[in-house]
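Each chain, written out:
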Amino acid sequence: MATTTAAVTLTSDLMSTNMSVSASTTCMKAGTTADGLDGMEYGYFDLVTGDEYDLIGATPTASKASKLYLKNHSTDETYFVAITQGTQAIGKLYGGDWMFIPADFHDAAGEIAITANGGTNKICYALFHEGITKDASA
Amino acid sequence: MATTATISISSDIAPGFGGISETMTLTQAGTLTDIDSTTGFSIRKLSATGAEDLIEMTKELVEPKDSVAAKIYIRNIGYKGVIDKSVGVTIGVNAEPIGLLYGGDWMMMPLTCIDADDITANPATDDTVVLEYVLFYEEA
Numbered sequence: 058m059a060t061t062t063a064a065v066t067l068t069s070d071l072m073s074t075n076m077s078v079s080a081s082t083t084c085m086k087a088g089t090t091a092d093g094l095d096g097m098e099y100g101y102f103d104l105v106t107g108d109e110y111d112l113i114g115a116t117p118t119a120s121k122a123s124k125l126y127l128k129n130h131s132t133d134e135t136y137f138v139a140i141t142q143g144t145q146a147i148g149k150l151y152g153g154d155w156m157f158i159p160a161d162f163h164d165a166a167g168e169i170a171i172t173a174n175g176g177t178n179k180i181c182y183a184l185f186h187e188g189i190t191k192d193a194s195a
Numbered sequence: 030m031a032t033t034a035t036i037s038i039s040s041d042i043a044p045g046f047g048g049i050s051e052t053m054t055l056t057q058a059g060t061l062t063d064i065d066s067t068t069g070f071s072i073r074k075l076s077a078t079g080a081e082d083l084i085e086m087t088k089e090l091v092e093p094k095d096s097v098a099a100k101i102y103i104r105n106i107g108y109k110g111v112i113d114k115s116v117g118v119t120i121g122v123n124a125e126p127i128g129l130l131y132g133g134d135w136m137m138m139p140l141t142c143i144d145a146d147d148i149t150a151n152p153a154t155d156d157t158v159v160l161e162y163v164l165f166y167e168e169a
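Residue numbers (the numbering used here), protein chains in the order written: chain H, 58 to 195; chain C, 30 to 169.
Some hints could be false.
[As the list claims (entries may be wrong)] Below, simulated BS3-like cross-link-like pairs (lysine-lysine); rule was C-alpha separation at most 27 Å, straight line:
| id | chain 1 | residue 1 | chain 2 | residue 2 |
| --- | --- | --- | --- | --- |
| 1 | H | Lys191 | H | Lys121 |
| 2 | C | Lys88 | C | Lys74 |
| 3 | H | Lys121 | C | Lys74 |
| 4 | C | Lys88 | H | Lys121 |
| 5 | H | Lys179 | H | Lys191 |
[Unchecked claim] Pair by pair, the computed Cβ-Cβ distance ranges are:
| id | chain 1 | residue 1 | chain 2 | residue 2 | range |
| --- | --- | --- | --- | --- | --- |
| 6 | C | Glu168 | H | Asp133 | 33 to 41 Å |
| 7 | C | Gly110 | H | Ala64 | 15 to 23 Å |
| 8 | H | Ser194 | C | Gly45 | 37 to 45 Å |
[Claimed, not checked] Listed next, the stretches of chain C that the computed footprint assigns to chain H, with coverage defined by at least 3 CB atoms under 8 Å from CB atoms of chain H:
| id | segment |
| --- | --- |
| 9 | 72–82 |
| 10 | 85–98 |
Hints are computed from structural coordinates only; laboratory data are not their basis.
Note that beta-carbon positions come from the ideal geometry of N, C-alpha and C, so glycine has one too.
Construct the entire structure; sequences and hints are all you get.
Below is the structure:
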């Protein structure tokens, strides 16, 4: 069984007592304890300002247990990428920010798209999944 | 100390993949100034299917600033110490499902925090499950 683990440590001094949370999960196929995610794609690219681009080109199996990691490696803190899923704006990743989400890809309209702002953003992403449908060659 | 989040990912799916280890400091949009507000750490117990608001943006006691650098952390911690990988909760923003958090799974993502973009949780089954979560945001 392929094994993918994702761990996080979160600390903050915004409350009266400092908060520290640690969590780790083994990324399994949907609804199973016996079989781990077994597909992945990993990329790093420059994204120029302006147009919106689909982050994931092929369609991962819908409504499964895919996990998406995305980091904005821009060193300028004023640069950001806007994240949307379908037509819903999710949020913005500024230079240095990362995100990690379960990615549902519930249908053809559920793709995750990004738009760069401020300048050319440097983007790294990793998608861990349990199968994709590749586009047929033209 | 500020607010920081470190992610570590290891995987043997692809030969040669060296893993990921990254730390971010949560800052206000477009600056190096630390983010300044939080909901605090909360938990929510769910025992039936059907979408519920985990966070209603209009009901935050400190109004979040819209469309900047907010982040939310959510984890499915199971129930009474038992983490069941087969029990999932779909997390959504407004009417858009983001994805399923199975037992033990966690997520961290940016948010718009605009009033319509509530965070929803919709269990896939009637099994009892607890979510823990914390939102970091800028005060409006």
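Quick rundown of the hints versus the structure:
1. Lys191(H) - Lys121(H): holds, 17 Å
2. Lys88(C) - Lys74(C): Status holds; Cα separation ~19 Å.
3. Lys121(H) - Lys74(C): holds, 23 Å
4. Lys88(C) - Lys121(H): Given pair Lys88(C), Lys121(H) is violated - Cα atoms ~32 Å apart, limit 27 Å.
5. Lys179(H) - Lys191(H): holds, 25 Å
6. Glu168(C) - Asp133(H): 33 to 41 Å: At 24 Å between Cβs, range violated.
7. Gly110(C) - Ala64(H): 15 to 23 Å: The hinted range 15 to 23 Å holds for Gly110(C) and Ala64(H), with Cβ atoms some 19 Å apart.
8. Ser194(H) - Gly45(C): 37 to 45 Å: violated, 26 Å
9. 72–82: violated (count 0)
10. 85–98: The restraint on the segment 85–98 of chain C holds, since 3 of its residues have a Cβ under 8 Å from chain H and three suffice.
When each numbered hint is compared with the structure, violations occur for hints 4, 6, 8 and 9.
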